[in-house]
Amino acid sequence: MKSSVEHNIGITRRDFFKSTTITGAAIAAGAGGMLFPVSASSAQQAAITGKTIKEAARETKVCRTADVVVVGGGPGGIGAAVSAARNGADTVLIERYEHLGGMGTGGLVTIIPAMTDITGKQVIAGITQEWIERLDKRDGADYPKKEHWGSTDKKLVEYYNNRSFFYATGNRVGYSAHIDAEISKCLFQDMMEEAKIKTYLHSWGTEPIMEGNKARGVIFESKSGRQAVLAKVVIDSTGDGDLLPYAGAEFETHIERTMRIANLSFSYWIDNVDLKKYEGYKKSNAKELSEKMRELRKLGGSGGFLTSNLKNQENVVWCFPRYANTCQYDVEELTRVEFLGRKEMLITHDFFKKHVPGFEKSFIVLSNMQLGTRGGRRVIGDYVVKKEDMNLKTPFNDTIAIFPNLDDKNPLMYMPYRCLIPRNVDNMLVACRAFSSDAVINDSFNLIHHCVSLGEAAGAAAAQAVNAGIDVRKVDIKALQATLKKQGVILPG
Amino acid sequence: MNRERQNMRLYVRLGCLLITILLLLPLPFWVYSSRIFVQASPFVTICTILAGGALWLGSILGLLFFIISLFRKRFFCRHVCPVGLILDTVSGIRPSVKPWWKGSPLIGRYIVFLTLAGAIAGYPIFLWMDPLALLNSAFNVYKASNLSSVIISISGMVILLLLSLTSGNLWCACICPLGATQDILDDTASFCRRFIKKPETDAKVKNGYKELLPSTRRVFMAIAAGVGLAILTKKVGHAESRDSLLRPPGAIKEDEFTGLCLRCGNCVRACPSGIIHPDTGSSGVLGFFTPVLRFNKEYCNENCNACTMACPSGALKNLNLEQKKRYVIGIARVDMSLCLWGMSDCNTCIRACPFEAIKITWDEEAYESYPAVDPLKCNGCGACEAYCPTGDIKAIRVWKQIKTN
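Taken in order, these protein sequences are the chains called H and P. If you count by my numbering, then the first sequence holds residues 1 to 493, one letter each, in order. If you count by my numbering, then the second sequence holds residues 1001 to 1405, one letter each, in order.
Everything labelled a hint here was simulated from the structure, so no lab data went into it. Glycine included, every Cβ here is placed at the ideal spot set by N, Cα and C. Careful, some of the hints might be misleading.
[Unchecked claim] Covered stretches of chain P, going by a simulated chain H footprint (3 or more residues, C-beta under 8 Å):
(1) 1322 to 1331
(2) 1341 to 1348
[Claimed, not checked] Think about it this way: if two alpha-carbon atoms lie no more than 20 Å apart in a straight line, the pair counts; the simulated DMTMM-like pairs of lysine to aspartate or glutamate are:
(3) K154(H) with E1298(P)
(4) K155(H) with E1298(P)
(5) K137(H) with E193(H)
Sequences and hints are given; from them, build the entire structure.
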């Protein structure tokens, strides 16, 4: 691999333009045939030795050279790409699905929970806040009114708790939002275009291009074949840390089975539910309903759902059944759970339709395009955030994000910049739930808005490193923090 | 002179009423104030001592009145009883009412004998008829969370007031077990005095003996009935078989609880969380108006033992904070078909539990993880249930353990 990489590093701007024009011409000619930029002669000269095969060395076309390449267009990747581009870096984003937003859209995890601390003060803002504000313009978000954040008024708590379990925690109203997945996809692509981020959808970033321990770019696969993007900083926002094994980075995978992050979700939506009728039935026949739910569970289905709460979605409910598994980046497990999830989705919906008032005319309107993943690889970074760090009284010097913690004694969790930098690897940052942490920290702080925040910091740091021509770990922390604050990120001090 | 004495007596009675109000008003008072008030009744003190051994500082007051009653006829009624004063005043509104009940049997005495006998057998059946308990309960109105609680709190006093309006002093003279207790004490004392003075020779003594004779038969019957009823009610108490029935901490065995409980409402009033409610049927006929726990919004705080300290009868045993933490109200159980852990990563109960009794456990057979309660750590405080966000029926609920395995 190394030799081919070295060969490609020498690419000139002219070569680059030549290759793009050729590809462009081919498309213009309307050629329906092979467009693979890999020459046919180099392909498939594999050595078959039994249990493994040795792939032939091959030349891969460099389709783009940029300052920063971000792999994965989920919450982390969006935060990273937008933040890097806005700080002046020429940025490329590679996303394997046909949409942006990852778990927040395709995974139907359409909830941004707990942006306020236990007192009701907002501590997560930045790009997450921008996302919600952009959604607001299209009635794409629902959340407790700002003046109610932190309220312990029993009636308010009850009202919001009835709307969504996420709107009130510990008998206090908080800032959590239900969001529209489809509108989010649209506004993310707006954000990419506005920041002039070169985005490749339908493209699976598979391997980092390494030069020693320095990351120099990324190889991705798509319908167009195998191509490379070269960049000064590579940001892994794949969620599971897919680039880590190939970057030679150390990582951890152990998760206790009892943890939240040990579970996959198969999420789906049911539409045309008469929720008023359902609520009425629930009020007057609570016991009967709970009996029915017990019966449903015996059949293999699962009761319980959230209501969408979004405007004109009064008939939509969200279901998030979870699935234990052995590994969330094992393709066999992923396939097993997809199959099982769909089977049980039908069992659940059939039961609701038949036995639960309000669901008579309902139908399954959508199931997740991406399986809901919660935990995978975790990089071992320059600093591993540990359980004990939840009790920190003073923030890290290199704090780049504050997360609300539900622990009364230590309501704030500080995230150090070093947890984004893989140990022993240069020019690379991890900006997703694969950040350097023990399982307990990951269990608590790897949700949508956490990832956006980590991404935002990684993007700004990458741009700063590119501008100064230094490695990401040598970035001036004070300057980074100042940049983040300017972007609306809430930091200590 | 006579008028002066009457005036003095009125002042004393008014003073006692004032003290009562001070003791019972919802002021940030000592938790024991209403307990002392109820225990001032010699009827309550004697019965609870016989039934539950609830001897306490407040019992001294009751015992004191007990002893005074031996020498001064109806001392408590004439000088202390605030209920008596209220009822006298009310019946004074209609002085024309004729005591139609004159000559009818003195029910109060039988109630006392029945209850005393029941107390010895462990179930003082009519203990709740004590007038101080009834008045005490009426002061609970401000704590009532709904209409039924209001009605329950004031029902006793309302009945007494209606009786006074329609039938004069029927209650005080004829029914009140507290009054009857004093009568019995007075009778016994005067009988003894006479007997000691001139044994055998005095005709009066023989007469007095004869006077007592017919009622003695009835007394024996009442005692026998009391013991019989006590045993019967304990047998058919049944409420203990209800798994959802939760009593405040310190509660004695269910089959004795409904008997010893005065329905005075002290525990309801003492509870800062407002989770103790007078029952309206969930604990069976015998348990009407007895305290039950409901963890709708609040739970039994681990740093509070107020109800156990406020109980005047010993139905709730006095527990210090350490003992109370170890007292098992019930055990929490999770209904996974309602639990949000499996749906939206909810772990509210785990964070709410003050005893760290709930942990996520892995079930290999079911191939899933879920919150499970450690029965050795859980004391049924209900924090999990109170905070559980599932709405009308909670996914985690505290249940009484019917049988410990």
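Hint check results:
no., hint, in the structure
1, 1322 to 1331, "violated (count 0)"
2, 1341 to 1348, "holds (count 7)"
3, K154(H) with E1298(P), "11 Å, holds"
4, K155(H) with E1298(P), "14 Å, holds"
5, K137(H) with E193(H), "18 Å, holds"
This entry does not satisfy hint 1, going by the numbered hints stated previously; all others are met.
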